[in-house]
Amino acid sequence: MRPVYEVLIKPASRYGLSPLDKDVMDLDKARSCAFQANYHLIWATKYRRKVLLGSVEVRLLEVLKTIASQSGFQLLTAKVHEGDHLHVFVSAPPKVAIPEIVRVLKCNSAKVLFEEFTLIKLSLWGGHLWSEGYAVRTAGVVTSAIIEEYINRF
Numbered sequence: 029m030r031p032v033y034e035v036l037i038k039p040a041s042r043y044g045l046s047p048l049d050k051d052v053m054d055l056d057k058a059r060s061c062a063f064q065a066n067y068h069l070i071w072a073t074k075y076r077r078k079v080l081l082g083s084v085e086v087r088l089l090e091v092l093k094t095i096a097s098q099s100g101f102q103l104l105t106a107k108v109h110e111g112d113h114l115h116v117f118v119s120a121p122p123k124v125a126i127p128e129i130v131r132v133l134k135c136n137s138a139k140v141l142f143e144e145f146t147l148i149k150l151s152l153w154g155g156h157l158w159s160e161g162y163a164v165r166t167a168g169v170v171t172s173a174i175i176e177e178y179i180n181r182f
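Okay, so the sequence shown: first residue is 29 according to my numbering, each after it adds one.
Simulated from the structure, these hints should not be mistaken for lab results. There could be a bad hint or two in this list.
[Stated by the list, open to error] Here are the simulated BS3-like pairs of lysine-lysine, each with C-alpha atoms no more than 27 Å apart in a straight line:
no.	residue 1	residue 2
1	K78	K107
2	K57	K74
3	K78	K57
4	K78	K123
5	K123	K149
6	K139	K78
7	K57	K149
Since we're looking at a predicted model, the values are computed, not measured.
Could you put together the complete structure from these sequences and hints?
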C-alpha cells in the first residue's frame, strides 16, 4: 500500500492546479508524512522599545537563522520593522508546535542579544527583550476554498 502522502501529492489537478506546478509538488517529507507548513509570526519588543536597529538588527537576523536550523525548522525570511517588532516566516514539520517555535526563537535570541549588546538592557528593565504575545498566520499554496471544494466533491 502506498503511503498517504503519495496519494495526496499525485492529484494536484483535483485542486485546480497543474501537476507541474512546482509549489504544489514541492512538499517537504518526513518519515511518515509529507507537508507544507509555513507560518508568518510577528512579535514586538517589550514596551515597543526601538532597540532592533543597526548592528543589533543584523545580528538578530543571523541568530534567528542559526536557532531555526538547530531546532528542526527552517527560517524562510525575517525582517525587523520600525526597530520595535519582527516578522518571521518559517517552515516547520507538523511535529513542531507553533508556540514552541516562538518560544525557542524569542528566548534564545534574547539571550544572545543581551550578552552581545549590553546597552539594550538600559532601555528594557526586568530582563525581557520581547513582549509576551505574538501573532501567527499560516500560509500555503492551496487555499481554504480549494480544500473545501475538494473535500465536498466526494
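Now for the hints, and whether the structure bears them out:
no. : hint        : result
1   : K78 / K107  : 14 Å, holds
2   : K57 / K74   : 37 Å, violated
3   : K78 / K57   : 39 Å, violated
4   : K78 / K123  : 34 Å, violated
5   : K123 / K149 : 35 Å, violated
6   : K139 / K78  : 18 Å, holds
7   : K57 / K149  : 42 Å, violated
The structure fails to meet hints 2, 3, 4, 5 and 7 from the earlier list, while all remaining hints are met.
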